[in-house]
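> Just so you know, the protein sequences line up as chains A and E, in that order.
Residue 212 in full-length UniProt numbering sits at position 212 of the first sequence, and the numbers go up by one each step.
Residue 256 in full-length UniProt numbering sits at position 256 of the second sequence, and the numbers go up by one each step.
Among the clues, some could well be false.
Keeping only pairs whose Cα atoms sit at most 27 Å apart, straight-line, the calculated BS3-like set for lysine-lysine is [as the list claims (entries may be wrong)]:
| no. | chain 1 | residue 1 | chain 2 | residue 2 |
| --- | --- | --- | --- | --- |
| 1 | A | K39 | E | K109 |
| 2 | E | K424 | A | K39 |
| 3 | A | K109 | E | K66 |
| 4 | A | K66 | A | K217 |
| 5 | E | K39 | A | K375 |
| 6 | E | K416 | E | K440 |
| 7 | A | K416 | A | K382 |
| 8 | E | K424 | A | K66 |
| 9 | A | K14 | E | K66 |
| 10 | A | K109 | E | K109 |
| 11 | A | K464 | E | K39 |
| 12 | E | K464 | A | K39 |
| 13 | A | K382 | E | K39 |
| 14 | A | K109 | E | K22 |
| 15 | E | K416 | A | K277 |
For the record, the hints were derived by calculation from the structure and aren't laboratory data.
Owing to the predicted nature of the structure, the values given are computational and were not obtained by experimental measurement.
2 protein chains.
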Amino acid sequence: MGKDKVPYQLKTPKGTKDWEGKDMVIRDRIFSTITTVFKRHGGVTIDTPVFELRPILSGKYGEDSKLIYDLSDQGGELCSLRYDLTVPFARWLAINPTIQSIKRYHIAKVYRRDQPAMTKGRMREFYQCDFDVAGAYDRMVPDAEILRIVCEVFGEQGLGWTGEGGFHIKINHRKVLDGIFEVCGVPKEKIRTISSAVDKLDKSPWEEVKKEMVDEKGLPEEVADRIWEFVQRKGGRDVMDALRQDSRVMANANLVAGLEDMDLLFTYLSAFGILSKVEFYLSLARGLDYYTGVIFEVITEGSVPSATDQKLQKAAQKGKTAEFDEDRSNDPSVGVGSVAGGGRYDELVGMFSGKAQIPCVGISFGVDRIFSITKARMEASKTASAIRPTEVDVFVMAFGGKGFTGLLTERMQIAKMLWDAGIKAEFAYKQKPKLPAQFKSAEQSGIPFAIILGEDEQAQGKVKIKEMGLLEGHPEKDGVMVDIGDLVGEVREKLRRKAEGVEEVVDGVNGLSTQDAEGKTRG
Amino acid sequence: MGKDKVPYQLKTPKGTKDWEGKDMVIRDRIFSTITTVFKRHGGVTIDTPVFELRPILSGKYGEDSKLIYDLSDQGGELCSLRYDLTVPFARWLAINPTIQSIKRYHIAKVYRRDQPAMTKGRMREFYQCDFDVAGAYDRMVPDAEILRIVCEVFGEQGLGWTGEGGFHIKINHRKVLDGIFEVCGVPKEKIRTISSAVDKLDKSPWEEVKKEMVDEKGLPEEVADRIWEFVQRKGGRDVMDALRQDSRVMANANLVAGLEDMDLLFTYLSAFGILSKVEFYLSLARGLDYYTGVIFEVITEGSVPSATDQKLQKAAQKGKTAEFDEDRSNDPSVGVGSVAGGGRYDELVGMFSGKAQIPCVGISFGVDRIFSITKARMEASKTASAIRPTEVDVFVMAFGGKGFTGLLTERMQIAKMLWDAGIKAEFAYKQKPKLPAQFKSAEQSGIPFAIILGEDEQAQGKVKIKEMGLLEGHPEKDGVMVDIGDLVGEVREKLRRKAEGVEEVVDGVNGLSTQDAEGKTRG
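Sequences are here, hints too, so could you generate the full structure?
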């Protein structure tokens with residue numbers, strides 16, 4: 001306690017944070033980019049409550065159920081905070097039986113009582129952006145579109161992830177994986193636990209994973225070795241072709257069905273122009289039990305474009321994905337893991353309703369991780385410093401000599417005119433502000449234009465428009481006088497020109513802009 | 001249990017709901033309108049966690065604290081769901097002492113364990129949209145801008161609340177109110193409780209309120225009667241003028257200071273062009289304890305523009321606000337209460353930090369109520385039926401005769417071309433879809449254009465663009481053929497024309513559109 005009145009720690013709860021300033025602007029830009037892509041593919045959004053009845057979440061997340069946040073029992077129903085957006089979506093489908101198909105997206109916070117690792121972007125409260133296609137459709141068609149959506153999200157301008165090496169997608173199929181386990185001789189009851197051991201191959205060497213399989217999980221060593229023969233394969237159609245050479249594979253119903261799906265998928269990915277971004281990756285297993293078909297994970301080259309990264313990007317551009325993966329594990333700057341993941345889950349909706357079964361496939365983007373990487377890249381490329389906290393275009397100011405009244409109501413009237421016209425404007429909340437303080441406010445917010453009122457000019461019905469940051473010697477350096485009646489039109493024209501890049505701040509100043517200034521100057 | 005597998009009720013928790021379909025579109029439009037206004041005034045947004053450490057919320061909401069949702073004690077910190085966005089904002093200011101001023105907005109859900117009344121838009125989980133100005137500024141300047149923001153939000157196109165009578169703002173001042181109580185002889189310790197009795201005058205007749213004051217709260221009858229003399233006054237500057245005639249008023253420091261503020265405020269509201277929307281309303285008290293200056297509430301004419309409403313609008317246009325208020329209480333269609341409210345709270349930030357005191361003034365828009373009214377108005381004016389669930393512009397379809405392959409990968413390639421160009425497009429997730437089913441999908445989603453692939457045309461590198469819903473006899477009724485290489489440009493041009501309202505669906509069909517069709521037809 002001591003000198004402060006406040007007898008408790010003043011902070012946000014563990015694993016949560018406030019978002020503010022430029023971070024908010026970057027995050028909103030990411031949401032906006034993602035939403036644009038989702039809408040381009042016909043997505044509609046739904047919004048479910050932040051908490052659900054507790055039994056709805058029970059039995060859906062396996063061991064991770066212990067990470068669910070419960071609400072206190074304050075009388076009435078027992079509720080828990082949502083753990084992801086997929087289970088609430090399945091619950092929504094189940095209570096709306098007239099909806100048999102939908103492309104839905106949902107951008108919202110989810111909650112997990114995990115050990116936070118903020119530097120890696122792992123929080124207890126964090127955003128997910130999900131896109132899911134529900135409905136009984138022809139095989140692999142929506143699955144392919146989901147992957148196309150992934151490529152559009154990461155390929156969009158603005159995230160700075162364009163270019164060939166920025167990301168790639170690992171794909172596998174639960175039937176392929178289960179078929180491999182069957183072919184290798186894994187007993188049925190051990191398939192899921194051996195599957196989670198395989199999933200660790202992106203973090204641990206084979207020796208450790210094998211040890212887990214044999215020592216902990218009691219798999220015969222020769223079975224483990226046979227699995228290793230299969231799961232280190234990765235690539236494109238060559239992986240499929242090699243598997244098909246193997247008579248054991250062709251005798252397994254799961255493998256045949258899974259490979260047929262993958263074959264179709266690759267055909268569709270080719271039509272969508274994204275075959276180069278995907279990799280058939282036989283050791284990808286993913287943790288959640290509810291997947292039933294294709295599964296995928298999106299990997300980026302890490303949080304900061306280090307020298308290693310650039311080397312990797314080049315390697316990736318040449319298609320040397322094996323080298324690329326080996327290098328990654330040695331680079332400490334690489335470690336945010338996957339930035340999106342998903343797959344097909346055909347049986348989750350049926351868990352809520354004995355009758356209706358709606359097949360689904362979807363992707364979840366981990367926005368906080370995408371944010372960390374995007375921000376690091378913007379900082380590295382100096383684009384972060386160009387981000388303005390507000391979008392204000394005009395600062396309305398006044399100045400005067402002795403006996404200056406401050407022209408407050410006059411500044412308000414000008415602001416009103418601008419707001420009426422939809423122009424973003426501010427003014428100092430002071431009766432008699434000093435001119436340097438007003439300029440400082442405008443500069444700090446990066447506001448591009450000032451409108452300056454003076455008492456004499458005011459009496460003549462005129463104000464001055466001044467573009468901020470013009471260099472010495474620029475013909476409009478001191479601003480241009482306009483009639484108040486023309487002000488809105490003039491500001492609009494200047495904003496339009498600025499938006500189109502007809503910058504009046506040019507090197508060598510007097511070129512372009514002199515002749516423009518001719519027409520503009522009225523004072 | 002019985003025939004279903006699911007042994008619990010499948011629903012959302014009490015007082016919560018899923019948002020979906022057109023409701024989501026309308027709600028997003030409201031958010032977007034409000035955000036546009038907030039940004040026009042230089043607002044920046046912050047995002048705080050959905051739960052706070054429990055002591056941060058304690059002692060801020062008086063009796064309503066019992067409505068706070070707590071999280072279970074699962075080890076670690078004790079947390080509660082936020083009850084509003086104001087206390088988290090004050091907490092954020094307190095832990096960020098370098099921020100001495102900000103215009104911040106926040107659109108997010110808040111939680112109250114209240115008795116839900118869904119038809120009136122009262123929920124346990126609901127959205128608030130807050131805009132607050134923090135900082136030590138000259139008196140009443142940010143207060144006036146907050147009220148200007150209110151008028152812009154409700155005046156914006158798209159909410160359908162434009163026109164004179166759509167809403168009005170009741171304003172009072174805590175110092176005026178407290179001064180009145182002092183002048184009337186209310187003992188200091190009874191001021192807050194008498195204030196909440198006065199606040200009920202918008203729902204209850206004076207007799208009941210007086211009974212509460214005298215019988216329950218032990219106020220002498222003559223004191224209550226003196227209060228009534230004051231608090232039934234409402235209007236504009238005339239209210240101030242009348243009060244100033246009263247020597248008791250001019251001898252009270254609170255009243256003198258409060259009236260000076262109101263005088264300044266009215267001057268600024270006049271400069272902002274919104275004086276006609278506000279009413280000095282002496283019985284407005286507002287519940288929360290933390291207000292210290294001006295307080296306000298926004299009232300609309302109700303949920304449906306009934307005949308009574310229209311009469312009221314006319315009355316309001318003529319400035320007959322008294323008549324207007326009397327009528328309201330008799331109209332059962334009126335009952336959503338206030339749609340926004342706020343005021344000045346100069347001492348809340350200091351509750352979190354013994355040293356720093358940051359004066360604030362803000363407004364909170366009750367979005368769910370605004371939504372209910374907006375939707376009812378859209379339905380009444382038939383604009384609701386024009387809302388499309390998705391924004392898709394093109395449906396890519398195929399048809400063919402005997403032996404038709406379905407052209408799936410070809411449809412995918414066309415969709416890819418459109419997506420690459422940023423055009424929103426869908427296609428049927430079927431190998432061999434039937435043409436009527438494809439048209440039905442496009443029609444149900446209100447998609448304006450179809451691109452139709454046929455096997456013969458495909459072989460010649462051509463596809464057909466067809467605008468949906470053209471009348472019989474329209475020259476482009478059957479669509480126009482274009483080279484695949486020109487497709488994106490053609491679609492863009494058609495979309496541009498449609499967006500600009502150069503509708504090709506016109507009455508009498510052959511007028512305008514024939515000559516347009518000339519240039520377009522290529523097949």
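> Would you mind marking each hint as holding or not holding in the structure?
Structure-based check of all given hints:
| no. | hint | verdict |
| --- | --- | --- |
| 1 | K39/A with K109/E | holds (24 Å) |
| 2 | K424/E with K39/A | holds (7 Å) |
| 3 | K109/A with K66/E | holds (25 Å) |
| 4 | K66/A with K217/A | holds (23 Å) |
| 5 | K39/E with K375/A | holds (23 Å) |
| 6 | K416/E with K440/E | holds (22 Å) |
| 7 | K416/A with K382/A | violated (36 Å) |
| 8 | K424/E with K66/A | violated (41 Å) |
| 9 | K14/A with K66/E | holds (24 Å) |
| 10 | K109/A with K109/E | holds (11 Å) |
| 11 | K464/A with K39/E | holds (24 Å) |
| 12 | K464/E with K39/A | holds (24 Å) |
| 13 | K382/A with K39/E | holds (25 Å) |
| 14 | K109/A with K22/E | holds (22 Å) |
| 15 | K416/E with K277/A | holds (15 Å) |
The structure shown violates the earlier hints numbered 7, 8.
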